[in-house]
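Chemist: Chains as they are written, first to last, in the numbering used here: chain A, 1 to 611; chain B, 1 to 247.
Think of the hints as simulated: they come from the structure by calculation, not from any bench.
What you are looking at is a predicted structure, and each value in this text was computed from that prediction instead of being measured.
Worth double-checking, as some hints may not be accurate.
Stated by the list, open to error - Computed footprint of chain B on chain A; a stretch qualifies when at least three of its residues, placed anywhere within it, have a C-beta under 8 Å from a C-beta of chain B:
{"id": "1", "segment": "68-79"}
{"id": "2", "segment": "109-122"}
{"id": "3", "segment": "225-235"}
{"id": "4", "segment": "338-346"}
{"id": "5", "segment": "572-579"}
{"id": "6", "segment": "586-593"}
Glycine included, every Cβ here is placed at the ideal spot set by N, Cα and C.
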Amino acid sequence: MNSSPNRRTPTGSGVNYRNAEVERILETLHADVAILGAGGAGLRAAIALAQESPALRIALVSKVYPMRSHTCAAEGGAAGVIKGDDSLEHHFNDTVGGGDWLCDQDAVDYLVREAPRELIQLEHWGCPWSREPDGSVAVRPFGGMKKQRTWFAADKSGFHILHTLFQTSLQFPSIERYDEYYATDLIVDDGRCRGFTAIEMRSGQMKCFLARAVIIASGGAGRMFPFTTNGAIKTGDGMALAYRAGVPLKDMEFVQYHPTGLPNTGTLLTEACRGEGGVLLNRHGRRFLQDYGMGPETPLGKAVLKTMELGPRDRVSQAFWHDQRKGNMVGTQWGDCMLLDMRHLGEKKIDERLPLVRDMAISYLGVDPVTDPVPVRPVVHYMMGGIDTDIRAATPLPGLFAAGECACVSINGANRLGSNSLTELLVFGRRAALSALEFLDSSPAAGNAGVLAARAGEAQARLRELFGRSGETETVAGLRRELTTTMEEHAGIYRSGEGLAEACATLADLRRRYRSVTLHDKTNVYNTDLLQALELGCMLDCAEAVTASALARRESRGAHQRLDFTERDDANFLRHSLACYRGDEAPAIDYRDVVITRSPPGVRDYSGEQK
Amino acid sequence: MSQRLVELEVLRFNPETDAEPTFQRYAVECPEEWVVLDALNHIKETVDPTLSYRWSCHMAVCGSCGMMINGEPKLSCKSFLRDYEGVIRVEPLAHFPIQRDLVTVIDDFVTKLKRVKPYLVAGEARPVEAGEYRQTPAQLKTYKQYTLCINCMLCYAACPEYGLEPKFIGPAAISLAHRYNLDSRDAGREARQQEIAATEGVWECSFVGACSEVCPEHVDPAGALQQVKIKSTLDWFREHLMPWRRT
Numbered sequence: 001m002n003s004s005p006n007r008r009t010p011t012g013s014g015v016n017y018r019n020a021e022v023e024r025i026l027e028t029l030h031a032d033v034a035i036l037g038a039g040g041a042g043l044r045a046a047i048a049l050a051q052e053s054p055a056l057r058i059a060l061v062s063k064v065y066p067m068r069s070h071t072c073a074a075e076g077g078a079a080g081v082i083k084g085d086d087s088l089e090h091h092f093n094d095t096v097g098g099g100d101w102l103c104d105q106d107a108v109d110y111l112v113r114e115a116p117r118e119l120i121q122l123e124h125w126g127c128p129w130s131r132e133p134d135g136s137v138a139v140r141p142f143g144g145m146k147k148q149r150t151w152f153a154a155d156k157s158g159f160h161i162l163h164t165l166f167q168t169s170l171q172f173p174s175i176e177r178y179d180e181y182y183a184t185d186l187i188v189d190d191g192r193c194r195g196f197t198a199i200e201m202r203s204g205q206m207k208c209f210l211a212r213a214v215i216i217a218s219g220g221a222g223r224m225f226p227f228t229t230n231g232a233i234k235t236g237d238g239m240a241l242a243y244r245a246g247v248p249l250k251d252m253e254f255v256q257y258h259p260t261g262l263p264n265t266g267t268l269l270t271e272a273c274r275g276e277g278g279v280l281l282n283r284h285g286r287r288f289l290q291d292y293g294m295g296p297e298t299p300l301g302k303a304v305l306k307t308m309e310l311g312p313r314d315r316v317s318q319a320f321w322h323d324q325r326k327g328n329m330v331g332t333q334w335g336d337c338m339l340l341d342m343r344h345l346g347e348k349k350i351d352e353r354l355p356l357v358r359d360m361a362i363s364y365l366g367v368d369p370v371t372d373p374v375p376v377r378p379v380v381h382y383m384m385g386g387i388d389t390d391i392r393a394a395t396p397l398p399g400l401f402a403a404g405e406c407a408c409v410s411i412n413g414a415n416r417l418g419s420n421s422l423t424e425l426l427v428f429g430r431r432a433a434l435s436a437l438e439f440l441d442s443s444p445a446a447g448n449a450g451v452l453a454a455r456a457g458e459a460q461a462r463l464r465e466l467f468g469r470s471g472e473t474e475t476v477a478g479l480r481r482e483l484t485t486t487m488e489e490h491a492g493i494y495r496s497g498e499g500l501a502e503a504c505a506t507l508a509d510l511r512r513r514y515r516s517v518t519l520h521d522k523t524n525v526y527n528t529d530l531l532q533a534l535e536l537g538c539m540l541d542c543a544e545a546v547t548a549s550a551l552a553r554r555e556s557r558g559a560h561q562r563l564d565f566t567e568r569d570d571a572n573f574l575r576h577s578l579a580c581y582r583g584d585e586a587p588a589i590d591y592r593d594v595v596i597t598r599s600p601p602g603v604r605d606y607s608g609e610q611k
Numbered sequence: 001m002s003q004r005l006v007e008l009e010v011l012r013f014n015p016e017t018d019a020e021p022t023f024q025r026y027a028v029e030c031p032e033e034w035v036v037l038d039a040l041n042h043i044k045e046t047v048d049p050t051l052s053y054r055w056s057c058h059m060a061v062c063g064s065c066g067m068m069i070n071g072e073p074k075l076s077c078k079s080f081l082r083d084y085e086g087v088i089r090v091e092p093l094a095h096f097p098i099q100r101d102l103v104t105v106i107d108d109f110v111t112k113l114k115r116v117k118p119y120l121v122a123g124e125a126r127p128v129e130a131g132e133y134r135q136t137p138a139q140l141k142t143y144k145q146y147t148l149c150i151n152c153m154l155c156y157a158a159c160p161e162y163g164l165e166p167k168f169i170g171p172a173a174i175s176l177a178h179r180y181n182l183d184s185r186d187a188g189r190e191a192r193q194q195e196i197a198a199t200e201g202v203w204e205c206s207f208v209g210a211c212s213e214v215c216p217e218h219v220d221p222a223g224a225l226q227q228v229k230i231k232s233t234l235d236w237f238r239e240h241l242m243p244w245r246r247t
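Can you make the complete structure from the sequences, with help from the hints?
Modeler: Next up, the structure:
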């Protein structure tokens, strides 16, 4: 029986959405495609589905309202070849080299090819891109990019992309939003993803979403670390759900430190500060990047592409670490800092191109970049790793797709270039939607009602068990503090085998103790104590994948730097790591070869002599 | 880092257990540089895990953490403790039903946002292959300010008209409609007018201007509302006095 006569599937075949056995246990919501996460990637996927197949039922499910998603915090811009002096080949080479050859080159090809289309599409939807005097879109330089190709909307590019997508999505009646629903478990039956369970925050009731395909677009996991640009919501929920359902987490050891965060709050000051001509100084006033393979010094205020301050983020953050060890950094009450000097840009340019940066620096630090250099230090910003997907944004679990920061389609490799991630969430958000449609067209068999009901029942039982605990001593805040401290101490810019082994042991212990964490709040309506407990569980699982993968990778590549294995080792590690969940045990680490189509591993040269 | 003892008086309400809201006092040591949100997070972590509120970005861009702080609608992530003396009173945003503690029910706003058709309606279909629309910096500037709305709803909490007449579409939604009306790429003004020039639209506004005063992004919704009124009046004249000029 179809739920509604005017709903039809792309294949035109009648599909039985209803599932009486599950409905006996939980209120059940039915969709053709359910999307988990309503940030940039989730919204892009939803719009693509609605446009491609208007009769589809699309459930867009998120733990926050779409405009709260962390895409809004991206500042600098989105990369896509548009100007005459640029080429797809340049964008490809910059990305592959920037990723220290750990990128899958077929995926990078797809990214750079689709990028301009997606950015123009956003323009047609109203995105207020900054413009050249002739009315064409403006681009700005960005780290590790050989040409200017970063489209931007002042320094609120992510905000404008998110709001453009959100507002555009409002015109499609087939996109049914479920705002403030927290997903707890994927439902898998017969080797296929069939949906998920989620808690409706306003009632506290668990619901079951049954869908013929699921797309996860739930963002990163930066909150595993204490000092991060990431908002409170970025707790790796979608990564953990997929991981627990048997999908590997790929390349999790690669965690990006953005070089320039405010030292007290971790607030991001975009790379565009340097793209517009800002420079980094140590306490002697020296542009110290020239001492770490990114020199010679370039003229002040004239950013030169792909060198000095426009080196890639991993190299710049690592240079900070080295110069700090030499005692060259500026001591502040928040720890050692370098200075981001933008004074020479002048007030007019700063206000026009970097208004948010100026506002943030003045508000949170009391420093006006027009008159003073801003103390900054590297801050956890982005997860290169994530849910294992192929070039079609498909995970190894049939029916499950993933896109955006939560996914690892391997365009970022060992180090993401700034402004590639906004592009990635558009290109692969859409790609995930198209792949989900192809999957629906293959007319997958309906799930076994009894099995689905059992899975939903298990999810609810786990939640009840958590609510029922009492008298235990472990608290959410306590365990979370130990988690973040461990990650900062052992999984930072530079790592050692010894430290990582210790972190793995600590995380195993924290995961064990997590099983007796006790809620203080046992009520139903908007229970954030519960929410944070579940988020903590996700972060612990993701963190263990990070440290286990990092311990196993006995080389230094991109953002993963080992003090005990200082060189890149292509013979053994030109491979993706795959962390596979094993319940209470530590994950098993497997490997898969990198896809190399035409760019063999080379030397990453960010000196001024390159080219 | 200098510390001080900060006292907060926070509205508490749990619909499952409370008949009506009450205030709860918390006293916590806080660094002087903190914002009110930091103090709330500190309370939640160390004193009272049951306290509920929304927040995420801590940089005034996600729009989650709007609250009444000493009676004024504010983003708690950008309200500095150093700017307050004595007990700081924290309540949920005015004019919205309380879901729990500092969390409000915002369905009304979300519905109104959708009603004003806040998306680009192209005059004629433009394929991606045709490239971007040309839009000069001057054309961009005419509407750019109104794109900066973060949907934090402080303006609704400040608006006396919205408090009296909940049907009023309100400052943020009308500003957003105005943003698209002003965009050189858009041809959807007529469709939007049906909503914003209706009785519950722009004419409810009595131009108190409180919306623009509290806007953390300087969107100036009051200015948008006045411009919509003027343009709607011109529409009326065109339609009724010069029907041959109507386009």
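Chemist: Hint compliance check: list the failing hint numbers for this structure, sorted ascending.
Modeler: Hints 4, 5, 6 not satisfied by this model.
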